[in-house]
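Join the two chains into one complex using the hints; note that each chain is given alone, in its own frame.
Here is what each chain is made of, one letter per residue.
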Amino acid sequence: MSKPSDLVQGTLDLLLLKILALEPLHGWAISQRLKQVSGDVLQVSDGSLYPALHKLEQEGWIASEWKPSENNRRAKFYSLTRLGRRHLEREAENWDRLSSAISHVIKLREA
Amino acid sequence: MKLAHWIYKLPLRFHSLFHRSRVEKELGEEFQYHLDRQIETLTSQGMSPNEARNAALRAMHGIDSQKEKCREARGIGVVEELLADSRYAVRAFAKNPALVLVIVCSIALGIGANTAIFSVINAVSLKMLPVREPGNLVLLKWTSKGWPEGIIEDVEGGGGQDKGGLMSSNSFSSEVYAELKKQNHVFEQMLAFAANDENVNVELEGRAQSAHSQAVSGDFFAALGVSPILGRTMLPSDDTPSSSPVAIVSYDFWRKHFGSDTEVAGKTITYNGVPLSIAGVAPPEFFGERPGDPIDIYIPLSFYQTQWTVHYPQDPLDSPKTWWLDIVGRKKPGVNDSRANAELQVIMERVLRSHVQKSASAIIPTVGVMPAGRGLNDLRERFSTSLLLLMGMVALVLLIACANVAGLLMARASARQKEIAVRLSLGASRARIVRQLLVESLMLSAIGGAAGLLISFWASSALVRMLGSGRNAISLPTQIDLRVLAFTALVSILSGILFGLIPALSATRVNIAPTLKDNAAQFSTRASRFAMGKTLVGAQVALSFLLLTASGLFLRTLTRLQNVNLGFDRHGLVTFEVRPGLNGYSDPQLIQYYEELQRRLQTVAGVRSAAFAQHGPIDSGWTSHSPEIPGYTSPGQQVDMNQHVVGPAYFETLNVPVLLGRAVGPQDTETSANVLVINETAMRKYFHGDNPLGKHLVYGKHKNRISFEIVGVVGDVKYGKIRDDVPPTAYSPYQQSKLISRQMVYLVRTNTDPAAVLGSVQQVCLALNKDVPPIRLQTEEDVVNGSLFLERTFAWLSGAFAALALLLACIGLYGTVAYAVTRRTAEIGIRMALGAERKRILRMIMSETLFIVGAGLLAGLPIAWIAVKLLKHQLYELSPHDPLTIVSCCFAILAIALFAGFMPARRAARVEPIIALRCE
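Chains A and B supply the protein sequences, listed in that same order.
Under our numbering, the first residue of the first sequence carries the number 1, and numbering increases by one thereafter.
Under our numbering, the first residue of the second sequence carries the number 1, and numbering increases by one thereafter.
One chain only, chain B, in its complex shape (with noise of 0.2 angstroms):
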């Protein structure tokens, strides 16, 4: 009935508002006809016309109040005047062009900044995967207290334990996968996708390439709703053994690397060798199931078996004790979680309980799901820290800016105190003033807001690119859409009425009568009002004190980590990977080809060395081991050393000091004794200050024990993260593995500028086999640089924060000293002219100023010294109360403040007496 009503009076309403010209001349229409008839009777009746006319209208109770009572009542007075107080707001800001200019600024690079984080935050974190009814589809996981003996052997992909020893993976095996399929009634679809997804070299027209590449089963596409953009999609029929392999490429690596060729499919790839044919292209909107990591090419699950099966024919993909494959499900309507999980775990308990034989003391893994629609990585683990405190720090510029401007509207305001004590005394109520600054505050907030959303463009823009840099980068699309939209909006009216409501109810709150007397006798009210102003503009100094102080740690932490002794030297170093390993290479082929390769590398102009290893320094992987040291571990006592396998030349190439003994050379072969190097930490952590040359490290268990003979020790070097220690580390030849690693780090030592070789290594690589591309090349300056992409971002970010947030308080101080200065014209004239130096004026403004800032930074140290816990985890070897930044800061701004404070005072000293009198 309630809405009835409303669906009833809508039309009424808008035919008030939008025929407002035929409404008035009906309501004129209406009210003549009836004075016209009463005053027809009433001279009927015997009066005279005009004394009819007079009692016809008095009558009346005043027709024009009579009729302003109807547009109230036909709703459309509200509406109206909000028009009228937006045309009065255009004319007013028309007045004063260069305030609007400098309100809409502060506000748009506030807004701006907010958007662009926003936007950032909503693609890691709040947007749903684009595909069909993404809010249906789940992952399934499992957890386990304790590994499943007998059970699963190999587990693909990511998977972790938790401190209670809670084991869990998404990884599952194809038996699994199958009879869930067959067996389950909450889902309606269900896709598989391996876990591992990888890194191939693709070879198109004759180039090689590095591309990422997922398997997929047949039904992925149909199951997401997601039909290719040209060609056709993967059919079920496509993931069988016997079929010929085909993949779908995503649309960036179809326009990049076939020019948008529209007649793509049918074309031929080579994937790590072995031809593969294109049956489509994926929309441009579609980069996966994981935000931030996209996809090249999808190839069908069976190839990837056929692929495998070449590679590690030891681990066989169909066992089901290999768990490899992620499962993905599309629950049926109304299915809720708690009902699919306990149906899946029937289905699986009775598949793996065949496996077991005594049943009773099995560990069967528990399965989940958990929601998927909004992709299935880390990236919100990874990013989310650092995305809130960046969103902190630009709320708070955006709250900077806000008291800023509210500063500027108090200091226009009470420029406009006649005018508004005018307006009161003429009968407007105060709310109704209210609402006219409100209307003009939310003006320029919007026009703020809306120049913020262009500047987020830009800056979302620059901040994506600056994290898709460095070797882990995220590439996401950042398109505006409606959540990022709204959130602009809400922020938008949010500081619009922030700061717009401080100055307009101080600026009513006034005593009309001697206001409009002129300017004398009013000091109470500016008085208060001008306090008001220096409590905003202390604020401003406090926040952005904070800020400062933000950046500053984030600067000094950059700039320690790129001074950490990384144990080898950086400069004048390239570094690339290759992986002959993919396309089908041998052992032995593998030691020729990288031996060859090491060769060729060292014979090109301004290299002087060249070597290659397992993993090179800085941000890559490496293997943990641990061995027994017979002699100074008890027996079955091992202890935790971090693996590497190495060529040739390394520690010559990196500049590694051999401390002891001699590096792993090229007589250390299959066929030698066993041999390993040792790092200066494994030394003293392990052989408390013994030679440890001649002592060997023991592998593996029973018959399978290898004894290696420690031959040198070498000077520590950083592998992970520049945060963490060096750990205790050995490095074994490469060709005493059990396995040839399938892929090599180089490492090309040159004379020259590093940049310079890029170039002729690249032809070196595909000279010796145009299917091997190097991926990754660039100097190892650049791969230290690129580990640092996340410290670098903030120290910039933060650093741009906070100089916005100095600038703005900066403003905000000079424009409230500068009005202070105006204010007290008349006061300084009358000190001049009884005899006060212009020395001892400018002392006194600035002292005014200086007690501003200082109570500022009285206010910002204990906001700040809780505040900067939060930055923690961020640090490296810095207290977050480092008293070097925090002090340095604390001149830094009262240097700025005092400057900006500086030049009204001046102003205010050089006043001539005469002048200053005569303004009175």
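If we strip away everything but chain A, and leave its shape as in the complex, we get (with noise of 0.2 angstroms):
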């Protein structure tokens, strides 16, 4: 069985900061939301979620909020600021030019 392949460095983020843009979610919501997006190609541990969620939030991208969840005990909410949000359009654009450059080449023809 093949090993399903490392994330992109700094793909991570961006894919947090896309989940986060759409609505404010605690930790363990994310990582639902990952698996449940990306299925199996994509594998994020669990535990190396939270050390780049405390990095985007050091950066200023995201911020934090404890407040009640959804089965009422204290979590802790990220949501997208708008320096992040700024951040994810030019992160989404690299990425777009990225990809599209690399598959136009993986797309050549052989001569």
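Keep in mind that the hints were calculated from the coordinates and are not lab data.
Don't take every hint at face value.
[What the hints assert, rightly or not] Derived list of chain A stretches under chain B, where covered just means 3 residues or more per stretch with a C-beta under 8 angstroms from a C-beta of chain B: (1) 47-61; (2) 67-76; (3) 89-95.
If you're wondering where the values come from, they're calculated on a predicted model, not measured in any experiment.
The beta carbon of each residue, even a glycine, is placed where N, CA and C say it ideally should be.
Pasting the structure below:
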């Protein structure tokens, strides 16, 4: 069985920002959403999610707030900041450029 | 964007740092929430609670390491580690307080010396004047190729001519000042002050003293932005011929002479016999515009002019040809120097052209501005070389201290070898341990730096006191300002890195396995580390040799200068100066005053004779003339002759031998024949062995020629610097000068201790006229010593630095040899058990010491050989490669170093073989 490809460096950040752009979520919900949207292709361990979130928060791209969750327990919700939204737009553009360039190269027919 | 991002991020970082416990709690809660939800989900899918828990934990990939990554992501890891490192360092220090004390003392002495010298340099040449926006101030100067004939007749104050014949001065005429002020568009404000600052006679409440006075324009204080702390400032309305004269006194003068009287405004002082009312007191930090040369009293220019006219009616100051004013301008914002120069030049040319008829051939001076924000005097040029040399010396001392501390730390690091090996084997990175050791050394250097700052408070004030002695005393305020603090901090950090990095790098370069195995089979690493220690000690020996040689040269220069034959007997001689001319005495009054004072002084108990002259010997001024010597010079050819004006009994009082003919006596008056006495050098140089008696010197040109007959030859006397050769000199009777000198230096020969008659001399002077105080009343020995103050300061400081360096090097040597002995205890034990004598062991250890010292000396010799050439100009009749100095310094170092090495060597020789072998 082939190992799922590791996440491209920085891609996780992009994914997290995109997920949070839709709605504020707490860590566990984010991990569920990740599994749901990417299936088995992108495997993110539950553990490595948190350092990434803390890094994004430290950069000021997302903000956190403690509030009651759906099961009425206190949970830490993350939301996208204005700064983060701008960053996301830029990164998404970069990603588009990069991926289209790569797929263009891949699709080159051998001479 | 980048900056905005940081502004946003910074509070988050601080939040993480300062609310650590809350952040930590929240981190735990966040992870717990995730786990609980995950377990919940998994159990609802049918797993057993235990299985679910394990699965959830597995998915976390190590909850603790993830938490750690979170902490790292929050950027508090480094700070936390540094805090942990410093806590660890403090614990390590507590275990070894003696070592810490030695290290801190070494570093404190090194940094203290550096800070002290730097704070003096700062005060002399870096600090800005304590006025408003000093950076915008410029001083005007002019330069001219050749004398501006028809434009300038008299230049007051400083001026000079460089080697290319370019004349320059800072003095301008009243007219130029007025026109520049009226017409320029480049300055916000302009102010002026008299180029000559003067010593004046001031009487306060019945006591007369000398004070340092400066005449300034009425807007001087306002333009500089200096406001008085008491009373009112000087106003332009005070600076008019009709206004009643006022003065601003300095803070120090006010404190010293008015006892900080807050009601001082409006009080009257007598200034050269003229009453003057005090308007206000300048703030304490304002010392005038020349650092090191503080002013006591500021008077308006108009008052100065009135006084001047009384004394020198022939050179009126308002004449456009008398250039006597220094001008300072405050540049408008955005005006650069070249624009200011151009505009000032246009105005000045227009003004000056009107004075010369044949404008084509006239030499018009070129005006220029120079920065004035740091003060206006030559203090910088006078002392900068000396101060830089001293700075170099203290830097060497600090370098030695660093090498020393590095050696000590290295020895300690090898004691901690096992600890370091354990940490490395547990997975600490080398960088991590180097950082830990660096934190330790930086903490040590920080403590050392703080202690050094305390030392420098004391040292720099001692240094300033030393500089403040002597005739040309300079007084400097050396507050510790931000620049000095920054310097100390920088030096501390640099030395901490310097002495910390070498041991840290070498300590972490270990082979873990054998080290952990205990102390066998590790000779390779230790031997190389020991070689490093030896090199450090050798370097210390080399550098202290350099310092010792320098101080030896300075010391020999000083003793040579002290023993130079000055041509007169300096012992049992009192000297002082009086300036009755300032109080408006006429010529007959002056003659009467001078002779009466001489007569009264001779009646003082303990006084053998008294005499006066325009200048006394050593460190005083002189006048130079160019007479012709009929029969010896071709017509029109002139010779250089220093000229002194003396009263009767002068040579007798100084104990100067009369070699031929007679001395100047009471018979030489205004009406008697013009006579001269020349010195031996003049006779040798200009009369080629002939008897000069009866020959003439002719002064002046055309119809102003005056002829003087030579009636005597006296021995050579030094007047200027002790270092200088005696020039050809002629002495003339004071009454035969065109103008009787306004001031005289008195010399009083005593039978007893000269210091004992100082009081009675003062009384005699004040009894004669209480408004004419004796100035610089002191023994001639003090004058001579004072003139050597720079040399003495150098000899003193360099000696202290060399001693310090030597002490440090000895500590280093002692430590290294002691360490070597400990390391080889087992070896020594075996040798002795096998029959080696104690003497042999002693010789073995001592030869090792000798090797280190010898290598240090060998390295030091060429360095010193080159470096001492820098001292050439500070030495007197001494080659920088003076063999006696170099050889004796070599021996001194050898002797002291061998002594330092002998103590541990003797201990090694006393090792009991049995105990030594058990040690293993």
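Would you check chain B against the stretch 67-76 of chain A, counting CB to CB pairs closer than 8 angstroms, and say if three or more residues qualify?
holds (count 6)
At least three residues with a C-beta closer than 8 angstroms to a C-beta of chain B: is that true for the stretch 47-61 of chain A?
Three-residue rule met by the stretch 47-61 of chain A, so holds; n is 11.
Count the residues of the stretch 89-95 of chain A whose Cβ falls closer than 8 angstroms to any Cβ of chain B, and tell me whether that reaches three.
Not satisfied, violated; 0 residues make the cut.
The structure shown violates just one earlier hint, number 3.
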